[in-house]
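2 protein chains.
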Amino acid sequence: MPNPTAAMLVIGDEILSGRTRDSNMHHLAIALTEHGITLAEARMISDEHEVIKRHVAELSERYDHVFTSGGIGPTHDDITAEAVADAMDAPCGIRDDARAILQAHYDRSGQELNEARLRMARIPDGAALIDNPISAAPGFTLGNVHVMAGVPTIFTAMLAGLLPTLTGGAPMVSSSIRVERGEGDIAGPLADLAEAHPEVSLGSYPFTQNGIHGSNIVARSQDAAAVERTMSALRALFPEAV
Amino acid sequence: MPNPTAAMLVIGDEILSGRTRDSNMHHLAIALTEHGITLAEARMISDEHEVIKRHVAELSERYDHVFTSGGIGPTHDDITAEAVADAMDAPCGIRDDARAILQAHYDRSGQELNEARLRMARIPDGAALIDNPISAAPGFTLGNVHVMAGVPTIFTAMLAGLLPTLTGGAPMVSSSIRVERGEGDIAGPLADLAEAHPEVSLGSYPFTQNGIHGSNIVARSQDAAAVERTMSALRALFPEAV
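Line by line, the protein sequences give chains U and B.
Taken in order, the first sequence gives residues 1 to 242; the numbers are from the working numbering.
Taken in order, the second sequence gives residues 1 to 242; the numbers are from the working numbering.
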């Protein structure tokens, strides 16, 4: 059975302007690969209601899961919750369970749960809360859309709680060799080998290091034995490989 | 007049599996912002013909420019040229001008222009070549789609040659202040200020550093005077800000 599929939406103008470099997509990619969910695509989009709504609607229809990061804080530009709710046709407002979590958190820290902070209790009807062990304000899962914070430490912590609750498939197994020859030298025999092993995905990634032009060749499959067969063939083809 | 808009397509399974962390999108975002082209969205997608074709067709229709990175090398998994040509309804094959560039390059280095390397001369009919000062194999512009290499040094060099040929708009001007108060504290007054200055885009980005929870507030606009007015208002609102 093929693995479940997923898409990611990284939400925020600061990524697209180059002010901030996203790291959540790379973290999610590694975590999903280990869990046996195939990340089929990722999109970085601006924080406008209609834009978020359009992408969430399209991706939640196309894939088994959608993961979002960004836009669930207390400020005026944090609009992800409403936009996701709108895309999924769910009403969205301050919810008592989320408010109670925030109230307890701010009581402990001696801060006021003011109107701005209360915005972080806006959760769509029918959504399940995602625990935030760092700063309390929860994410949520609505249908197949998992809405998480943009701050990397919080995103990571939310995902660590969420991922074990999702059904994964067979984790992807991968193995690689490093050949100190340029891609143009090895591409011919590599193409023949790829054709002879259609059950694995065979990728070639060029590198330049200390003046050496080389290629990392990566074999990937859910079938560990098939990866091992392909690696044997690769080592026979490139006996000098590391 | 609004600035030209753009989208980026980062092509390659190695990004989506987490094996490689993309850096080209962040580089492009900064370069386009400086040049006065608005990066409206970026997508990371897998290197399958139909997937590349679908996204190129959609984005080239929606935006003024599409920039792609990845998949134009000599190996069997380098399929971007054909997929882009297919999306834009252009024939694609070995082109004499590209072949001459490669022949001269490999003659100089004493290597053979073999069948695999010749794949890098596959250029769609009607496309303009993009210069590759690093390793010769050119990128190309077909319609409003700019196809470049995935290797970061080559992507950067290609973009440096391409960007001055594209018409930019007014560069985005941005300015920021750092407030050592959490977003929940400042969100109320910040929302009022954002409403009073609709001509600028006002973003708030939380940070935690040495145990301090703070917010970076960023004002962005093509109108430098409007950014300055907003910054004055921000400094009056948060006199303790740095």
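Because the hints were derived from the structure by calculation, they are not lab data.
Computed from a predicted structure; not experimentally measured.
Just so you know, not all the hints are guaranteed correct.
Counterexamples of contact, computed for chain U against chain B with all Cβ distances above 12 Å [as the list claims (entries may be wrong)]:
(1) Leu9
(2) Asp13
(3) Gly188
(4) Ala225
Simulated DEER-style distance windows between Cβ atoms [claimed, not checked]:
(5) Arg178(U) <-> His213(B): 26 to 32 Å
(6) Asp131(U) <-> Ser23(B): 29 to 35 Å
(7) Ala100(U) <-> Arg235(B): 52 to 58 Å
(8) Thr5(U) <-> Gly168(B): 36 to 42 Å
(9) Ala225(B) <-> Ser175(U): 37 to 43 Å
(10) Asp125(U) <-> Arg178(B): 21 to 27 Å
(11) Asn210(B) <-> Gly168(U): 43 to 49 Å
(12) Glu48(B) <-> Ser175(U): 42 to 48 Å
(13) Asn210(U) <-> Glu199(B): 23 to 29 Å
(14) Gly168(U) <-> His213(B): 30 to 36 Å
(15) Asp131(U) <-> Leu129(B): 50 to 56 Å
Quick reminder that beta carbons are idealized off the backbone N, C-alpha and C, glycines included.
task = For the range 52 to 58 Å, tell me whether the beta carbons of Ala100(U) and Arg235(B) fit it or not.
result = Given a distance of about 37 Å, which is not inside 52 to 58 Å, the answer is violated.
Hint says 50 to 56 Å; check whether the CB-CB distance for Asp131(U) and Leu129(B) agrees. Since the Cβ atoms of Asp131(U) and Leu129(B) sit about 53 Å apart, the hinted range of 50 to 56 Å holds.
Could you say whether the range 36 to 42 Å given as a hint is met by the Cβ separation of Thr5(U) and Gly168(B)? At 38 Å between Cβs, range holds.
* Asked: Is Ala225(U) truly not at the interface, in the sense that its beta carbon sits beyond 12 Å from all beta carbons of chain B?
  -> With a cut-off of 12 Å, Ala225(U) remains clear of chain B, as the shortest Cβ separation is near 20 Å.
Practice prompt. May I ask you to test the hint 42 to 48 Å on the CB atoms belonging to Glu48(B) and Ser175(U)?
Written response: Between Glu48(B) and Ser175(U), where Cβ atoms are some 22 Å apart, the hint is violated.
Per the stated criterion, does the least C-beta distance between Leu9(U) and chain B lie above 12 Å, as a non-interface residue requires? 10 Å, violated
Quick check on a hinted range of 29 to 35 Å for Asp131(U) and Ser23(B), using CB atoms only. 32 Å, holds
Quiz item: Are all beta-carbon distances from Gly188(U) to chain B longer than 12 Å?
Solution: 5 Å, violated
Q) Within 26 to 32 Å or not, the Cβ separation of Arg178(U) and His213(B)? A) Once the Cβ atoms are compared, 44 Å apart, the range 26 to 32 Å for His213(B) and Arg178(U) is violated.
Take the C-beta atom of Asn210(U) and the C-beta atom of Glu199(B), compute their distance, and say whether it sits inside 23 to 29 Å. 52 Å, violated
Notebook entry, point to check: Do the Cβ positions of Asn210(B) and Gly168(U) conform to the proposed distance bound of 43 to 49 Å?
Noted result: Given range 43 to 49 Å: violated, Cβ gap about 38 Å.
message: Just to be sure I understand the hint, the distance between the Cβ atoms of Asp125(U) and Arg178(B) should be within 21 to 27 Å; is that true here?
response: 38 Å, violated
Consistency note: the structure conflicts with the earlier hints numbered 1, 2, 3, 5, 7, 9, 10, 11, 12 and 13.
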